[in-house]
Amino acid sequence: MLAADLSAEAAARVVAGLPGQGHRAIALDVSDEAAVADAFAAAEAAGAPVEHVVAAAGILLFAANGDRPPITDISVKEWELTQRVNSTGTFLLLREYLRGATRRGATGGRFIGFASVAAQLGGYRSSAAYIASKGSVLALVKAGAREAAALGITVNAVAPGLIDAPMLRQSLPPEKDSTVAANIPLNRIGSPGDVAGAVSFLMGEDAGYITGAVIDVNGGYRMQ
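Residues in the sequence shown are numbered from 1 upward in steps of one, following full-length UniProt numbering.
Worth double-checking, as some hints may not be accurate.
Derived EDC-like pairs: lysine to aspartate or glutamate, alpha-carbon spacing no greater than 20 Å straight-line [to be verified]: (1) K176 to D164; (2) K142 to E96; (3) K77 to D32; (4) K142 to D216; (5) K77 to D67; (6) K176 to D67; (7) K77 to D29; (8) K77 to E33.
Everything labelled a hint here was simulated from the structure, so no lab data went into it.
With the hints as constraints, model all of the structure from the sequences given.
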């Protein structure tokens, strides 16, 4: 497996916890077009071309006081940074992945993007910039699924709800968990493992006939 993060050290910690051998860790800014292309090219040159992708990089900016900023307070700089990481980053990974798969004639791959319940509900704790960027991911996976189908590659997304991860903890201290959980039918905040389970399913053979879809991982917070 190839783990990528803005911090090479953070990626290395992920790799260190994986079973087996041959895993690699790299530093990667998914919003950097040249860096994304180089990462895929380096993997192919090393004899381990990227066969599956989980595009999980994301950013959520809050106001200085930790509150959700209203649209009227969001700067163009904050808007563009959020789109660049969440939306453009997913696009660059998908584009480079499909370019390589097309060139090699690879089939049966998987691409999984990360959307959010915030984009589906208009958000409560998230800014309009974040909501818009994740809405873009929802649309991109559908377009990507249609184009990748000829290669037998599926393109899907997961849409996490309130998950006990660093992004949530920017605005929610643990002592408020019970109050927030009361609004979730399963009566708890989700765990990273809950999201990983959905990703694992989409990566597996049992999901081979699922593409252009979004799996909600939100404890019933949003039901279609």
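Problem set entry | Pair hint outcome, K77 versus E33 [Cα-Cα no greater than 20 Å] | 19 Å, holds
**Message:** So if I understand the rule, the pair passes when the alpha-carbon distance is 20 Å or less; does K77 with D67 pass?
**Reply:** 18 Å, holds
Check your understanding: Holds or violated: K142 with D216, Cα cutoff 20 Å?
Key -> Given that 20 Å is the threshold and the Cα spacing comes to 15 Å, the pair holds.
**Report entry** Given pair status - E96, K142, alpha carbons within 20 Å
**Finding:** Holds, at about 17 Å.
**Prompt:** Has the given pair, K176 with D164, been kept, meaning a C-alpha gap of at most 20 Å?
**Reply:** 12 Å, holds
Item to complete: Sort out whether D29 lies within 20 Å of K77, counting only the CA atoms.
Response: 17 Å, holds
Mind checking the alpha carbons of K77 and D32 for me, to see if they're no more than 20 Å apart? Holds - the C-alpha atoms of D32 and K77 are around 16 Å apart, at most 20 Å.
Are K176 and D67 close enough, with their CA atoms no more than 20 Å apart?
The hint holds at about 15 Å.
Every hint from the earlier list agrees with this structure, and none is contradicted.
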